[in-house]
Amino acid sequence: MNNIPLNELVDKAKNLIFLTDKDGNLLYANHSWYKAMDLNKNESKNIVFYDTLCSESRARIADAVKTVLEGGSVERLNLDFITKAGRKIYTEGNLTCYYANGRPLGVFGIFQDITSQKLADNELMERTLRFQAELQLANIIQTSLFPINLPQIQGAGVAATVISANEVGGDYCDLFITNQQRLGIAIGDVMGKGIPAALFMVLTYAFVRNYAFETEKPSELVNWVNRSLFPQLDFSQSLVTFFYGLYDPVTKELIYTNAGHNPPVVYRAAAGECELLKVRDYFIGGRYDAEYREGKTQLKPGDVVFFYTDGLKEGRNKSEEQFGIRRIKTLLKENHALDPASIQEIIHNEFLQFLEGKPPSDDVTIVVLKIH
Amino acid sequence: MMLEVQSLSDGETLVLSLKGELDIGTVDILKNDVEEVNKDVKTVILDMKHLSFVDSTGVGGLLSVIRGLRYENIKVKMRNVTESVYEVFDILGLPLLLGKEVFEQE
Numbered sequence: 000m001n002n003i004p005l006n007e008l009v010d011k012a013k014n015l016i017f018l019t020d021k022d023g024n025l026l027y028a029n030h031s032w033y034k035a036m037d038l039n040k041n042e043s044k045n046i047v048f049y050d051t052l053c054s055e056s057r058a059r060i061a062d063a064v065k066t067v068l069e070g071g072s073v074e075r076l077n078l079d080f081i082t083k084a085g086r087k088i089y090t091e092g093n094l095t096c097y098y099a100n101g102r103p104l105g106v107f108g109i110f111q112d113i114t115s116q117k118l119a120d121n122e123l124m125e126r127t128l129r130f131q132a133e134l135q136l137a138n139i140i141q142t143s144l145f146p147i148n149l150p151q152i153q154g155a156g157v158a159a160t161v162i163s164a165n166e167v168g169g170d171y172c173d174l175f176i177t178n179q180q181r182l183g184i185a186i187g188d189v190m191g192k193g194i195p196a197a198l199f200m201v202l203t204y205a206f207v208r209n210y211a212f213e214t215e216k217p218s219e220l221v222n223w224v225n226r227s228l229f230p231q232l233d234f235s236q237s238l239v240t241f242f243y244g245l246y247d248p249v250t251k252e253l254i255y256t257n258a259g260h261n262p263p264v265v266y267r268a269a270a271g272e273c274e275l276l277k278v279r280d281y282f283i284g285g286r287y288d289a290e291y292r293e294g295k296t297q298l299k300p301g302d303v304v305f306f307y308t309d310g311l312k313e314g315r316n317k318s319e320e321q322f323g324i325r326r327i328k329t330l331l332k333e334n335h336a337l338d339p340a341s342i343q344e345i346i347h348n349e350f351l352q353f354l355e356g357k358p359p360s361d362d363v364t365i366v367v368l369k370i371h
Numbered sequence: 000m001m002l003e004v005q006s007l008s009d010g011e012t013l014v015l016s017l018k019g020e021l022d023i024g025t026v027d028i029l030k031n032d033v034e035e036v037n038k039d040v041k042t043v044i045l046d047m048k049h050l051s052f053v054d055s056t057g058v059g060g061l062l063s064v065i066r067g068l069r070y071e072n073i074k075v076k077m078r079n080v081t082e083s084v085y086e087v088f089d090i091l092g093l094p095l096l097l098g099k100e101v102f103e104q105e
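So the sequences go chain by chain: D and S. Just so we're aligned: 249 in numbering that gives the first Met the number 0 is position 250 of the first sequence, and the numbers increase by one with no gaps anywhere. Just so we're aligned: 32 in numbering that gives the first Met the number 0 is position 33 of the second sequence, and the numbers increase by one with no gaps anywhere.
Hints in this document: simulated from the structure, not taken from any laboratory. Among the hints, a few may not be true.
Below are the DSS-like pairs computed for lysine-lysine, each with C-alpha atoms no more than 27 angstroms apart in a straight line [said to hold, decoys possible]: (1) D/Lys-317 x S/Lys-48; (2) S/Lys-30 x D/Lys-192; (3) S/Lys-18 x D/Lys-192; (4) S/Lys-41 x S/Lys-99; (5) D/Lys-277 x S/Lys-99.
Covered by chain D, according to a simulated footprint, are these stretches of chain S (three or more residues, beta-carbon under 8 angstroms) [claimed, not checked]: (6) 11–24; (7) 33–43; (8) 60–69.
C-beta: ideal position from N, C-alpha, C; glycine also.
Work out the full structure, taking the sequences as your base and the hints as a guide.
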């Protein structure tokens, strides 16, 4: 055991090992340290250890050395070196006190070169930040597609809101006045979440805007939207639920086509009861040659039509209970007398309270139409 | 909650029993299991007695599975669909798209 070549062992160790005196003069460094510093051991004399460190690390090691010499210990210290060639080396390691004849004479360091890991971390961080910035921009674009300026329509009021679960999502909602002065109400939900869903949401927006001023027949528009989206939806095995309605302020009639979307709820003021808009077909992307049907309903003053996406109905609280359609109907019955913006706000707030602080796992879109 | 798929085959008929939730996090489990369906199988029965939840992504996945099987000339049935799961299928219009005869009770 007496023949263990300790000097050789230390010199050939992969870790960067060094010994300095109290003033920071380098007394010893192993081969790995010299190699990492781009220095030739034989040609390097009188190196002041601190000079090989970055300025922030100098302050850090001065404090650490003081602690160690006073009998404390320093573990997982990060030191960044600047090599002779000007490269930055990131290291992590421990400092311990070096004693001779019972007196502290300097410090002994064993450090690991973590440069490649650090550079990879930095690159990942940069990519993440860049991705976040792109997502934020995408969020701004997607938000701009939401009807912020609500259309004005005679004899009716409308309100709309969206609660996003992520930066971008698959909920779609649009409100506009058609060529024949009807209120167009489009609401939809793309299967899935995030960027793929957002891409389909934007496509849906574009197709609806393109066709809505060409036809006053909801079924025709939905047929066209389906045929336009079908190839991409089929390719990516996705689907879109979509409801499109046209409200005529003169006749107070709502004609609509429902492609697999949650049937909107109508509060009938005369009966004091809620009912669902019954006519519906399957989702967009089911069949290329789908022929969607139309439904119509006569609305009267005081009636409220509530359009929503499934994030509302399926939102779950901490006990995994769903918000559900029954709650929506009860809230409509209780608050039908209010203006559309207040009805929407109350249901929105009730939903957030129901979640008990849990963030919504899916986007939620609400549109309220109230007949005066 | 996860999705468990148990398979039971008698040669020409394969019964896949789904237990748990079919959503964005579990839909690939079903897809992977169906990819392993033997060429001799003529009918696949998806037993949903213990499927407690499905969302639109789950339905999308289910639909691609059914389409894939039909493309291979394999008949597909959905058995013992619970009320809450059927409600989601119904809103999306799945019975209209696939035909009501696809659904059966044991």
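Taking the hints in turn, this is what the structure says about them:
1. D/Lys-317 x S/Lys-48: It holds: about 25 angstroms lies between the C-alpha atoms, which stays within 27 angstroms.
2. S/Lys-30 x D/Lys-192: holds (19 angstroms)
3. S/Lys-18 x D/Lys-192: holds (24 angstroms)
4. S/Lys-41 x S/Lys-99: holds (20 angstroms)
5. D/Lys-277 x S/Lys-99: holds (18 angstroms)
6. 11–24: violated (count 1)
7. 33–43: violated (count 0)
8. 60–69: holds (count 3)
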